[in-house]
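Chemist: Heads up: the sequence lines are chains A and B, in that order. Take 1 as the starting number for the first sequence in the working numbering and just add one per residue. Take 1001 as the starting number for the second sequence in the working numbering and just add one per residue.
Just to be clear, a hint being listed does not mean it is correct.
[Stated by the list, open to error] For lysine to any residue, the following SDA-like pairs were computed, each having C-alpha atoms within a straight-line distance of at most 20 Å:
# : chain 1 : residue 1 : chain 2 : residue 2
1 : A       : K117      : A       : A36
2 : A       : K158      : B       : H1143
3 : B       : K1051     : A       : K158
4 : B       : K1051     : A       : Q86
Quick caveat, the hints were computed from the structure, so don't treat them as lab data.
One-letter residues, chain by chain:
Number of protein chains: 2
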Amino acid sequence: MTKKVIAFDADDTLWHNEPYFEEAQERFCRLFQDYASSQEILGLILNYQVKNLPLYGFGIKAFTLSMIEAALQLTNHQITGKGIEQIMAIGKDLLEKPVELLPEVEDVLKQLNGIHKLIVATKGDLKDQHRKLHDSGIGHFFHHIEVLSDKTEVDYQKMLGRLDIQPANFVMIGNSLKSDVLPVLNIGGHAIHIPYHTTWAYERIDYSIEHHNFKTLNNISEVVPIIME
Amino acid sequence: MTKKVIAFDADDTLWHNEPYFEEAQERFCRLFQDYASSQEILGLILNYQVKNLPLYGFGIKAFTLSMIEAALQLTNHQITGKGIEQIMAIGKDLLEKPVELLPEVEDVLKQLNGIHKLIVATKGDLKDQHRKLHDSGIGHFFHHIEVLSDKTEVDYQKMLGRLDIQPANFVMIGNSLKSDVLPVLNIGGHAIHIPYHTTWAYERIDYSIEHHNFKTLNNISEVVPIIME
């Protein structure tokens, strides 16, 4: 068995994340329910997030700044200081959420530990991802933590180059077909998709993937026999 | 000559940065000049930045969010939506500033290139630092870019461990005694201080350092003969 590098996405692969964002967005929708429907508000936030990606990148600070822009537009700039403060609080609360590991994550890491090289490859705020990994109690399983500003083919290629990893020995495990699977397959790596019950609209793609280096699993525990093959 | 790893801080070591922040703060002070003196306003922003460090970390998004908090306090929450928009614009403008290399930086990198391993070790927003390195035109000189969430001894130790660097072969070059020099000396590395003409209040320390692994230089070009020794 060749020693592989197994990279885990973090949010919604190792621990719960998207439900916290959804809860945050619901709070935002309630604050501005007199101005628009929840559906309209969610669309507006997403528009600002995507528009701001080249400048702000991913993560909670970017999300907070995009919520503020959405609120300015929703209220036609009539938002109060108190309203701004409430949005800032939504962002800060997100940054202080407890880290809840997904079921069987720790057990899987224990089984792979020492046999393959385990790393984390995630997007988001640097500080926040480091905080979550620290709080998670599973940081010691990982040889390397890579917080990427995006997960394009080029980003993966740079990471593999820097860490001296051959794509054929690289396995990416994550919940996003768009970020964790497609770019990795395109550069010759292996990818395992473990869907999470909910996916951020930006990460959704509406077609299926068939590839000899690709598998979809229902549960992270199923990766062990596959990787140990 | 042993092959060394030479790490360069980025902001105010490779390119100009602090003057942009000072200009941004001046814009902020002018917006709120009816509420407090510039000195009071700058103190308030700094207080929020330091208070928010554990949650937000370093970088322009954190700075923008701290400016908004300062504005809420200054105006006793009476700030208008227009005012918030002007603060957001200050932050976005910072994220789009051109990258201006400091004199002789490119020449120094050319001379060290291929002889020692060159890396960048910087704090700030991941996305923003990658953008600046890309725009700088000097990205190809560097074997590795490390954006750190902080520059403590532990952060340096983790980085050296991950990159398999012996502290005795590590030289950190930067403009901050607090972030680029002290922690590096404390873990057994070498540090070269190249003061920039202005330093963010948070990075200032009010004592001098004497250490056999430490030098202060006036100009980055002076590092070449020292490193080639």
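Chemist: Now look at each hint and say whether the structure bears it out.
Modeler: A quick look at each hint next to the structure:
1. K117(A) / A36(A): 49 Å, violated
2. K158(A) / H1143(B): 10 Å, holds
3. K1051(B) / K158(A): Since the Cα atoms of K1051(B) and K158(A) sit roughly 35 Å apart, the hinted pair is violated (cutoff 20 Å).
4. K1051(B) / Q86(A): Given pair K1051(B), Q86(A) holds - Cα atoms ~18 Å apart, limit 20 Å.
In this structure, the hints that do not hold are numbers 1 and 3, in rising order.
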